[in-house]
Amino acid sequence: MIAALRTIGLHKSFGSLVVAQNVAITLPQGARYALIGPNGAGKTTLINLITGALRPNSGQILLGEEEITALAPDLRVKRGVARTFQINALFPDLEPLEAVTLAVCERQGVASVWWRRLAGFRSAVDEAYEILASLNLGPVCRRATRDLAYGQQRLLEIALALATRPKVLLLDEPAAGVPRQEGGELFEAIANLSSDITVLFIEHDMEVVFRFASRVIVMVGGRLLLEGSPEEIAADPRVREVYLGRTRHG
Amino acid sequence: MVIDPHGHLAAKQRWHPVEFAFWFATLLPFVLIPTYLTLASQIAITAIFAVSLDLIMGYAGLVSLGHAAYFGLGAYTAGLIAKAGWGEPFSGLLLAAAASGLFGYVTAFIVTRVRHLALIMITLGIGLLLYEVANRESWLTGGNDGLQGVTMWPLFGRFDFDLYGYTAYAYALAVLLLVVLAARRLVHSPFGLSLRAIRENERRLPAIGVPSRARLRAVYTIAATIAGLAGGLLAQTTQFVSLGALSFERSAELVTILVIGGAGRLYGGVVGAIVYLVARDRLSGMNPQYWYFWIGLMLIGVVLFLPTGILGGLARLQRRMHTDDAHG
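Protein chains in written order, with our numbering: chain A, 1 to 250; chain B, 251 to 578.
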């Protein structure tokens, strides 16, 4: 079976600072992978490389069988790679319904139509509302985004990514800054995503990682340290040393 | 709570009774103040120009201090076509718009690469460049003396551009209506939504698949085309083009007008054009030398007390009255 996403020998440096070194990961179809590591390990950098926000100095990124290493970020989204951001990156003045409808319209290829009213795109509006409702954002989808509670804004991040109908979804600390209780609900929503979607999430809370990830990738200093099942990771002395022994975040 | 997302989105784009009242009121100058029809047509033309700037500045968030380049190019194109012997207004106007649109399309590749101060400088540069080209090539443009000898044929072959400005105002008003109708469609479309998203958080857009630069180039081209329409109208209705059509003052004045009226509100430019040009007419009548003083004062007052312009202030007032009603 072909992996949903593969990186081969990804390398990225800024001057003498190496942020990704020979990073090779393979995400099987429908996987739920956690990416962990101390601050500065290069986790977000890896997401930036996969989504095209950064270009690697060398290496390859394959989505299914297609190489996407040199593709522009918006075209990668159209191929099926979506992400969320660790710090909310939303549209404060737009309503969630508008923002998600825009993402759906873009996927349907009608977002550059200027001569027809938005409300006329019924299937896009329906789909946007369904996505929002599935994340419990239905009741607030007509408010300005800036007026949403913080946790709701985190969910909107995910809603925007889902609107692109991703094959691979990269979540950068989806529950960052959210109280534990709400964070759990947020991960329930992620766990309930269709198994067609391959998920990689960055998370600091080990309890969450062990509960929701089928496998765990550990990064340290821009390199992969190891990959394994949650139990293997928890038992590994190296991981304990570099990561679990330290102060926990989030 | 039952939510109807379609109804909610449809309600935003529904015609407001005030809009109908406004368009009815635009007919009043014909009967109430027929001696001011020339001013009224200047206002209509400036309003078209301001709607054009609103699309890029108010909706997409691109500030321009050189928008007169497209206005002036349209004006000279329309003027030169008429001077060359083809005085038919509609075709001349379409060619003027096409020339500005083409120039807009080409310059958009540079303009949309930069933001903030660099963007202001580049648009300013484009404006200055075109001004000096027109100034230097006086064999074509008449240079400082302006383009003389522009003779228009009657509209529809029947209505002469008369001294009182009946035809001029009717013509400019009709074009304004068409431009506002088109702009109204645009801002309520998926394309318009993507422009607002660009204004709100451009860096997020690639992550939902939106090629933001291509969208910006498209709206810049559309705005340049509309500015060309406005410029062409000015040339045709006054049968004259001066270098002022390309000047920095005209670009700066336009930004002022949009800020006063309210950017990103479709009618903001129209309201701004009315307030600004009527004020200028009154003030320069009272004090021909120092009237810019009052414009300056008005600008400071609006920015301090009505940061979202006159229309933004009115919308806030309406919301407040609405909530007061609700709380009984």
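Honestly, I wouldn't trust all of these hints.
[Stated by the list, open to error] Which bits of chain A does chain B cover? Going by a derived footprint, with three or more residues having C-beta under 8 Å, they are:
| no. | segment |
| --- | --- |
| 1 | 159-169 |
| 2 | 223-237 |
[To be verified] Only part of the chain A face toward chain B is listed, based on derived beta-carbon distances under 10 Å:
| no. | residue |
| --- | --- |
| 3 | Gly52 |
| 4 | Leu54 |
| 5 | Arg55 |
| 6 | Arg76 |
| 7 | Val110 |
| 8 | Val113 |
| 9 | Arg117 |
| 10 | Ala128 |
| 11 | Thr145 |
| 12 | Asp147 |
| 13 | Phe210 |
| 14 | Arg211 |
| 15 | Phe212 |
| 16 | Arg215 |
No lab work stands behind these hints, which were simulated from the structure alone. What you are looking at is a predicted structure, and each value in this text was computed from that prediction instead of being measured. The beta-carbon is built from N, C-alpha and C at its ideal position, and this holds for glycine as well.
Here is what the structure says about each hint:
1. For a cut-off of 8 Å, the count of residues in the segment 159-169 of chain A with a CB near a CB of chain B stands at 4, and the three-residue condition holds.
2. Given as covered by chain B, the segment 223-237 of chain A fails the check, having 0 residues with a CB less than 8 Å from a CB of that chain where 3 are the minimum.
3. Interface hint at A:Gly52: satisfied, since its Cβ lies 8 Å from the closest Cβ of chain B, which is below the 10 Å cut-off.
4. Interface restraint check for A:Leu54: the shortest CB-CB distance to chain B comes to about 12 Å, outside 10 Å, so the restraint is violated.
5. Contact between A:Arg55 and chain B, as hinted, is not supported at the beta carbon level, the nearest pair being about 13 Å apart and thus beyond 10 Å.
6. Satisfaction of the interface hint for A:Arg76 is found here, the shortest Cβ-Cβ separation to chain B being roughly 9 Å, below the 10 Å cut-off.
7. Proximity of A:Val110 to chain B holds as hinted, the smallest CB-CB distance being about 6 Å (cut-off 10 Å).
8. Evaluation of the A:Val113 hint against chain B yields a held restraint, the C-beta minimum of about 5 Å falling below 10 Å.
9. For A:Arg117, the suggested interface contact is upheld, since its CB lies about 5 Å from the closest CB of chain B, less than 10 Å.
10. The beta carbon of A:Ala128 comes within 7 Å of a beta carbon in chain B, closer than 10 Å, and the hint placing it at the interface holds.
11. Because the closest C-beta pair between A:Thr145 and chain B is about 8 Å apart, less than 10 Å, the hint holds.
12. For A:Asp147, the suggested interface contact is broken, since its CB lies about 14 Å from the closest CB of chain B, more than 10 Å.
13. With its C-beta approaching chain B no nearer than about 29 Å, A:Phe210 sits outside the 10 Å limit, and its interface hint is violated.
14. For A:Arg211, the shortest C-beta to C-beta distance to chain B is roughly 27 Å, which exceeds 10 Å, and the interface hint is violated.
15. Because the closest C-beta pair between A:Phe212 and chain B is about 23 Å apart, greater than 10 Å, the hint is violated.
16. Taking 10 Å as the C-beta contact cut-off toward chain B, the hint placing A:Arg215 at the interface is violated, the least distance being around 25 Å.
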